[in-house]
Structures are given as structure tokens and as C-alpha cells.
Amino acid sequence: GAVVSQHPSWVICKSGTSVKIECRSLDFQATTMFWYRQFPKQSLMLMATSNEGSKATYEQGVEKDKFLINHASLTLSTLTVTSAHPEDSSFYICSARGGTSGNRQFFGPGTRLTVL
Amino acid sequence: KQEVTQIPAALSVPEGENLVLNCSFTDSAIYNLQWFRQDPGKGLTSLLLIQSSQREQTSGRLNASLDKSSGRSTLYIAASQPGDSATYLCAVRGQGGGGADGLTFGKGTHLIIQP
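From first to last, the protein sequence lines are chains A and B. Per the working numbering: the first sequence = residues 1 to 116. Per the working numbering: the second sequence = residues 117 to 231.
Bound-form chain A, shown alone (with noise of 0.2 Å):
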């Protein structure tokens, strides 16, 4: 159980382009999701927190009119890089915690964008 997907797994885009990357929770309800990034070589940093049905809360030096983020539902998540340029490429994992997974959260399989 506490399966959680993400989608696409890899893009590749053009700058200036907006990209959308969905994450579900398949078999909990995911009261809270979060979304993180991480560079070559470093750690995963915190991008935002979302709770269902309410505006997400972001990182210091994350710009939320840049990176949107959606909880729509207790079992999805989108983060939107809008107007993407090569610095945002990066690797993007979401996760999700809620129903029975209690404190844990778990992980999706990430999203690789890279930004030509």
C-alpha cells in the first residue's frame, strides 16, 4: 500500500514553456503532498507544502508565481513550472502523507525536466 505515482517521468521542453507534473496517491487519501527538487549531487530541498483544498505554503526563495501548485483533490497534486528556463532543470519528487500512512511520507518515482 502507499503507493504514490507521478507523471510525466521525464520531459524535455523548450524555454519559456510551462510544464505540468501530476502526482496521485493510488490507494491513500493524501491530506498533505509536498514537493521537492533536487540538483545533481545535492540534496532534496523543500519546495512547497500543500494541504487539500487549500493554497500551497512555499519554501523562502521558491516563487510561487513561477511554480504553481494544485491540490485539487485528497489523491492529486500538480506542480506547473511556468515559463521554464534551463536553470530550472532539475529533478522534481512529490509526496504524499495521510490516511493510514500516519507520519510517513511517501515518495513518487520523480519527475527529470530538463529545460533546453
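Honestly, I wouldn't trust all of these hints.
Claimed, not checked - Restraint-style ranges between C-beta atoms, simulated for each label pair:
#1 A:N103 / B:P130: 43 to 49 Å
#2 A:Q29 / B:S185: 34 to 40 Å
#3 A:R104 / B:I228: 26 to 32 Å
#4 B:P130 / A:H85: 44 to 50 Å
#5 B:S186 / A:D65: 38 to 44 Å
#6 B:Q230 / A:L68: 44 to 50 Å
#7 B:R177 / A:Q42: 26 to 32 Å
#8 B:A195 / A:L26: 42 to 48 Å
#9 A:G99 / B:K158: 32 to 38 Å
#10 B:K158 / A:K66: 24 to 30 Å
#11 B:E131 / A:Q60: 42 to 48 Å
Claimed, not checked - Quick partial rundown of chain A residues pointing at chain B, CB under 10 Å, derived from the structure:
#12 V4
#13 H7
#14 Y36
#15 Q38
#16 E59
#17 P86
#18 S95
#19 F107
#20 P109
Just so you know, these hints were derived from the structure itself, not from any lab. Quick reminder that beta carbons are idealized off the backbone N, C-alpha and C, glycines included.
Fit chain B to the given chain A structure using the hints.
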């Protein structure tokens, strides 16, 4: 601001050895601590979760300890196998709400078990 440090950054040992991975954190006011495994280009697999009130957790060949007051945790892997090769990440969850509710990760220990 919480900072998590993992030592060593990389480790290569022959199969069958017991080994210890270290994690330290600067703010002892944590809710819990988790150890994860990350395979190349993949997401994270949760290995062990230790609540702030606990001292250790065990799962199979893995044992994790927590000394909250000194800001340290260790992950002990017994009888290592080539399949244990991966990057091991330590992460702490703060006690506060909002952004502090997320996890703060170390950079990981890249482990290679030689057959």
C-alpha cells in the same frame, strides 16, 4: 534553520561487511527522523522512521538509532549485499507547522557493495 549532514559522502566495502552510516542535525527539536534509500534516477524508498521519543528502529538487517539531544542518528547495515548499493538519505521533520512540516534532507551517503 535545520541542517542535516551525512558522513561519509561515499563508501565502498566488500560484500558481507557490517557498516554504519552517520547523520547529524543542528536543531534537536525534531518530530521524527527517517532513513531513505534512493537508487539512481529513482524516487525514494522509506527504510525506517524513528519518532522523536524513540531510540531505535529495526527492520531486517537494518537498525537505526536516534540520539535527539546530541543531534545524531546512525544507520547500521548488517551483512551487506550487492543489492544494498544505493544512496542512503537521512531526513528530519521539524516540529512546527507549515513549511517546517516538510523534511530536511542530508546530501546522502553513496554506498557501493562490492561482490
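Hint check results:
no. : hint                        : result
1   : A:N103 / B:P130: 43 to 49 Å : violated, 36 Å
2   : A:Q29 / B:S185: 34 to 40 Å  : holds, 36 Å
3   : A:R104 / B:I228: 26 to 32 Å : holds, 28 Å
4   : B:P130 / A:H85: 44 to 50 Å  : holds, 45 Å
5   : B:S186 / A:D65: 38 to 44 Å  : holds, 41 Å
6   : B:Q230 / A:L68: 44 to 50 Å  : holds, 46 Å
7   : B:R177 / A:Q42: 26 to 32 Å  : holds, 29 Å
8   : B:A195 / A:L26: 42 to 48 Å  : violated, 33 Å
9   : A:G99 / B:K158: 32 to 38 Å  : violated, 24 Å
10  : B:K158 / A:K66: 24 to 30 Å  : holds, 26 Å
11  : B:E131 / A:Q60: 42 to 48 Å  : holds, 44 Å
12  : V4                          : holds, 8 Å
13  : H7                          : violated, 13 Å
14  : Y36                         : holds, 8 Å
15  : Q38                         : holds, 9 Å
16  : E59                         : holds, 5 Å
17  : P86                         : violated, 20 Å
18  : S95                         : holds, 8 Å
19  : F107                        : holds, 4 Å
20  : P109                        : holds, 4 Å
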